[in-house]
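J.: Taken in sequence, the protein lines are chains A and B. Letter by letter, the first sequence follows residues 1 to 315 of this note's numbering. Letter by letter, the second sequence follows residues 1 to 315 of this note's numbering.
Treat each hint with caution, since some may be false.
Given that identical chains are not distinguished, each listed pair holds provided it fits within a single copy or across any two copies.
What the hints assert, rightly or not - Each computed DSS-like pair below joins lysine-lysine, with the alpha-carbon atoms no more than 25 Å apart:
1) 235 to 203
2) 207 to 235
3) 69 to 85
It should be emphasised that the hints constitute simulated quantities derived from the structure, not laboratory data.
2 protein chains.
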Amino acid sequence: MTLINKTKNPDHSILAVGSVAFDSIKTPSGTADKILGGSANYFSLSASYFTTLKLVGVVGEDFPSSHFKVLADRGIDTTGLEKAKGKTFHWVGEYGQDLNEAKTIDTQLNVFEHFNPKLPEEYKKAPYLFLANINPELQLDVYHQCERPKFVAADSMNLWINIKKPQLLETLKVVNLLTINEGEAFLLSGKDNIVDAADAIRKMGPKALVVKRGEYGALLFTDNGIFSAPALPLKTVKDPTGAGDTFAGGLIGYLANKGIDKDFAKHEATLREAVIFGCVMASFTVEDFGFSNLLEVNSELMGERYRQFISMTRF
Amino acid sequence: MTLINKTKNPDHSILAVGSVAFDSIKTPSGTADKILGGSANYFSLSASYFTTLKLVGVVGEDFPSSHFKVLADRGIDTTGLEKAKGKTFHWVGEYGQDLNEAKTIDTQLNVFEHFNPKLPEEYKKAPYLFLANINPELQLDVYHQCERPKFVAADSMNLWINIKKPQLLETLKVVNLLTINEGEAFLLSGKDNIVDAADAIRKMGPKALVVKRGEYGALLFTDNGIFSAPALPLKTVKDPTGAGDTFAGGLIGYLANKGIDKDFAKHEATLREAVIFGCVMASFTVEDFGFSNLLEVNSELMGERYRQFISMTRF
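Kindly produce the complete structure, drawing on both the sequences and the hints.
T.: The following block contains the structure:
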């Protein structure tokens, strides 16, 4: 896959902060018990196909060394993955026939409840920053610990829009690219039309907005206009958990790989390719439970899917 | 717009059969009372930008001559639009914030209840046939009255899938291209995955299947694979009534304009362009109530929108 440069250059490295968790999942295709999950985990595994990662998060004493190894094997730096007294964050969720909608059965925050990210010294110079979906106050705190991030991307969710909107708005001021679900875009902006919602959100800070639409793909809004990316219609969709975070991993991973800065006007083509790589990575994730399919990816398979997106959209 | 040939050649003419109605509509943007509606009406007005039309339908004695004039002004032949004793079909519907879902308040079938299409002699040689969403027995009957249709397209809906499935399956055997909503594709096929659903439906007869997804665009399935067309994100969406039929009008209108036959393997590029023109025409319709915006269209505006679809999808 010639589009992706092979790089271990620290100038392309991403610092990712978010949750690392156990997920117990039930879907119409089956169940998975206490598998490795969490936004930072999915993001990092996906982005690791594009660049090097520094992970910031917290796990409990019950987090097995085999899971550290999964991350290390993908070249992900876990120096910043704190092991705290107590149990690891555990999410129990279920999907019905509508795989777009997860029903939370149980959330045991455990050590994640008092997560207070502290960046290792060698993390602070990371040029790319991804603030996965956590409390916006922590997102901003991590941003301030960084010395000179050249590109800041973030995700958020309904919960924070509802209970921490002022804090989220503060954080958005320093965010260059926001990824968010369509429903969340309406909630955050107070608009009921996606064009109006994007206009309003882009005025809050992020010059680039990516609206995730699940099986309907994603929309990218920049000063250059709108880019519409489809999702790949798949014969097998077993578990959508982590799709949004692996999407962000492909997206930000590709941007970091290319070394672009936040001057988006110069990088429209790269941004569009990045959105497609987001869709590519998400398409692998949902085909099996948890992150298992994501570990089987390679540049051949990624290239093949990328070309499927080309042939599916050309006219 | 150089893509569309100017033609009044009968070899490109479309015979369209379906409903012609009064619609009374309420949406969050306002209301419209007893405006010209119905599937065959929307289809024909849209397709009239691409080729000549022969309309088959029935209206009541209350149908004003001004409405005949609207159709005639667009070059639509209404010889086959029967004026029967009684009142015109009247649909009363309402949309909430979710504009994808119409709530039917009242359906007065009136003269449409005993609609029994009889083709005028000069209609029978029409090369293109569009069987809009009516009782599948009538669709098949119209097909059999035609002497040598070279391309048969059809639409259907939940109602017929639920109450006339065997008859619909008979009709589908002679259909080359089917347009249908995503939910209807699941219902018709009994599958819960769109790729499986498309495979199953294409085995029922139509070698080309276009799945309409409202604000998320459309998918085209042929032996050549999948084409994904987005919908244009619009700042103003006032009334989605007729969007699906104007979509079909742009789609089949463009195919007829190009004079293609049902040997789809040779016409993939034209089919894809046609799907985009379907999206273009639907985008005009939803911006205002009823068909009013559709009458203001011209080749410049169509060309401009078509180019928006190009710029929105290229990477």
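J.: Given a CA cutoff of 25 Å, do residue 235 and residue 203 count as a within-copy pair, a between-copy pair, both, or neither?
T.: between (39 Å within a copy, 17 Å between copies)
J.: Indicate which option fits the pair residue 69, residue 85 if close means a Cα-Cα distance not exceeding 25 Å: within, between, both or neither.
T.: Cα proximity of residue 69 and residue 85: one copy only (20 Å, versus 80 Å across).
J.: Under a CA distance limit of 25 Å, which applies to residue 207 and residue 235: within one copy, between copies, both, or neither?
T.: between (35 Å within a copy, 19 Å between copies)
Figure legend: structure checked against the earlier numbered hints; every hint is met.
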